[in-house]
Amino acid sequence: MSKITIPLGPQHPALKEPENFMLVLEGEQITGATVNLGYNHRGMEKAAENRTYIQNLYLIERVCGICSHSHTTTYITNVEELAKCETPKRALAIRTLFAELERVHSHLLWLGVAGYEMGFETLFMYTWRDREQVLDCLEMLSGNRVHYSINTIGGVRRDISAEQKAGVIKRIDYLIERTNYYIKLALEEPTVAARTANVGKLPPEVAIERGAVGPTARASGIARDVRKDEPYLIYNELDFKLITHNTNDVFGRLVVRALELVESYKMIKEVLNNLPEGPIAVKVPMRIAPGECVNHYEAPRGEDIHYLKANGTDKPERLKVRAPTLANLQSVAYMMEGGWLADVPLVIAAIDPCMSCTDRAVVWDPKKGRKQVYGWEELRKLSIEQYKRRGVDFTRL
Amino acid sequence: MSEFAREEKVKADIEAKFAGAVTNASVQRKNRVWLELEPSRLPELLAWLKAAGFDHLATVTGFDEGENLGAHYHMTDTKMLVNVKVKTPRTNPVLPSVLKVFPGALSYELELQDMLGIKVEGLPPGRRYPLDDDFPTDQYPLRKDWKVEEYLAKNPLFPTEAK
Chain A
1 MSKITIPLGP QHPALKEPEN FMLVLEGEQI TGATVNLGYN HRGMEKAAEN RTYIQNLYLI
61 ERVCGICSHS HTTTYITNVE ELAKCETPKR ALAIRTLFAE LERVHSHLLW LGVAGYEMGF
121 ETLFMYTWRD REQVLDCLEM LSGNRVHYSI NTIGGVRRDI SAEQKAGVIK RIDYLIERTN
181 YYIKLALEEP TVAARTANVG KLPPEVAIER GAVGPTARAS GIARDVRKDE PYLIYNELDF
241 KLITHNTNDV FGRLVVRALE LVESYKMIKE VLNNLPEGPI AVKVPMRIAP GECVNHYEAP
301 RGEDIHYLKA NGTDKPERLK VRAPTLANLQ SVAYMMEGGW LADVPLVIAA IDPCMSCTDR
361 AVVWDPKKGR KQVYGWEELR KLSIEQYKRR GVDFTRL
Chain B
1 MSEFAREEKV KADIEAKFAG AVTNASVQRK NRVWLELEPS RLPELLAWLK AAGFDHLATV
61 TGFDEGENLG AHYHMTDTKM LVNVKVKTPR TNPVLPSVLK VFPGALSYEL ELQDMLGIKV
121 EGLPPGRRYP LDDDFPTDQY PLRKDWKVEE YLAKNPLFPT EAK
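Residue numbers (the numbering used here), protein chains in the order written: chain A, 1 to 397; chain B, 1 to 163.
Hints may contain errors.
[Claimed, not checked] Take a look, some chain A residues computed to stay more than 12 Å from chain B by CB distance: (1) E121; (2) A197; (3) V262; (4) K266; (5) L272; (6) L308; (7) R322; (8) A327; (9) G338.
[To be verified] Footprint (simulated), chain A over chain B, 3 or more residues, beta carbon under 8 Å: (10) 48-59; (11) 123-131.
Treat the hints as calculated values from the structure; they're not laboratory data. Even glycine gets a Cβ: it sits at the ideal position worked out from N, Cα and C.
Hey, can you work out the whole structure from these sequences and the hints?
Right under this line is the structure:
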């Protein structure tokens with residue numbers, strides 16, 4: 001049979017982000033794959049050189065819609081290391097709390113997307129409904145669902161009150177119950193196993209060679225997790241297991257992420273119950289003494305690494321950001337080779353896609369010059385009223 | 001410096017093995033080793049580090065120091081980070097490719113070529129990354145003398161839409 005090369009993307013069914021995969025097909029089977037990137041290059045590293053350290057905090061937060069806390073924490077660890085700043089213990093604990101809440105939010109989102117890609121849309125609906133709980137926690141603590149902006153140089157911006165703590169624990173208890181159901185589902189549901197087992201194989205030696213990170217590497221049996229290997233924040237004081245799985249396929253990636261959720265819940269509760277007392281931030285000078293340093297961080301998708309060079313002014317000389325997806329993409333090309341065309345969206349999605357969302361609208365009335373923020377309930381009421389005017393009454397349904 | 005015994009040992013081993021090619025080796029703190037290397041020995045050193053357990057090339061950071069361009073290769077065994085710095089003259093910037101040792105480094109090396117104009121010898125043919133296909137090939141945005149304003153003055157955004 002003759003070989004055909006087809007492009008998948010930049011706009012394609014697997015991710016909501018632009019990426020192009022050139023697939024060489026022999027019938028339905030893939031014999032070769034190359035990844036082409038760069039459609040979304042925003043020149044952030046150059047932009048960072050023209051902004052002050054504090055301005056960069058808000059720029060770096062927007063590197064990713066989901067790992068926003070991961071990137072700022074890595075960046076800020078570098079800045080604080082160069083500034084020789086002693087960050088208060090309470091601030092580090094709050095950063096850890098946000099890091100784990102972010103992991104829960106990211107993994108639940110991924111579970112839903114994986115469910116969607118394998119044709120199990122009920123799982124998608126379930127996990128995304130439950131993900132609202134953790135987004136509510138983040139909103140309650142920081143004021144925002146996605147870009148929390150909790151970090152500031154020298155500490156964090158907001159403290160946690162007793163009511164907030166109780167609210168988070170209540171929601172986490174609900175999520176623990178739901179996650180146990182998902183784990184049962186992942187391990188016992190035959191359709192899930194049939195759709196994910198032996199799909200997107202990545203043997204451990206290839207994973208190492210191609211530099212895979214995070215859950216992608218851990219599902220190939222590689223015990224790599226920056227939280228364990230070089231503990232940052234307060235991870236050396238927390239009790240959690242490093243989850244690995246040895247099936248090397250999408251099924252393994254599903255199991256690793258589901259079990260990691262349980263570890264995150266444990267850590268969230270542990271941090272909240274043992275929050276150290278004290279200040280939440282210290283002052284750090286605007287100018288940072290010359291020097292260079294590099295730090296890594298376990299983001300939900302894997303190792304995130306930043307390099308920072310300071311030149312004595314209030315702006316960095318060079319900032320390098322390497323997000324985990326870039327490290328994992330070389331493995332995706334391998335995973336697709338020898339597989340089937342129909343598995344491609346699932347294989348790509350298995351390293352974890354990225355999206356940001358928001359559920360409310362701000363309406364500005366120029367005549368009255370005032371702003372009004374509509375929440376979910378109000379938007380729902382408005383839509384019901386609008387349909388009522390058109391003769392359809394949804395309240396009776 | 002018994003506090004950093006492991007770091008000192010890695011540093012001493014590299015210095016002994018690559019005597020003459022390594023300069024400015026230092027232990028910055030726990031788990032951080034920095035050193036500068038003769039560019040021609042780069043693939044050899046990375047292969048040696050890989051065999052010694054540093055089997056993850058975390059990333060490559062390109063830089064512009066004025067007279068010299070260059071790159072940091074951040075190698076890790078997941079616990080310790082060994083940062084290998086190589087420099088190459090601005091007038092003829094060339095670095096050897098490390099793809100034979102780390103096939104996963106492809107996007108990092110393409111980035112050095114596109115963003116800093118460092119020619120990486122031994123790269124396979126293929127599309128450019130990360131810049132756009134119609135971005136000028138003689139401009140390197142991460143060089144310090146490249147200014148966004150100057151570029152935009154010469155290349156207005158979306159020329160097809162400007163009426």
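Hint check results:
no. : hint    : verdict
1   : E121    : holds, 33 Å
2   : A197    : holds, 26 Å
3   : V262    : holds, 23 Å
4   : K266    : holds, 23 Å
5   : L272    : holds, 29 Å
6   : L308    : violated, 10 Å
7   : R322    : violated, 4 Å
8   : A327    : violated, 7 Å
9   : G338    : holds, 17 Å
10  : 48-59   : holds (count 5)
11  : 123-131 : holds (count 6)
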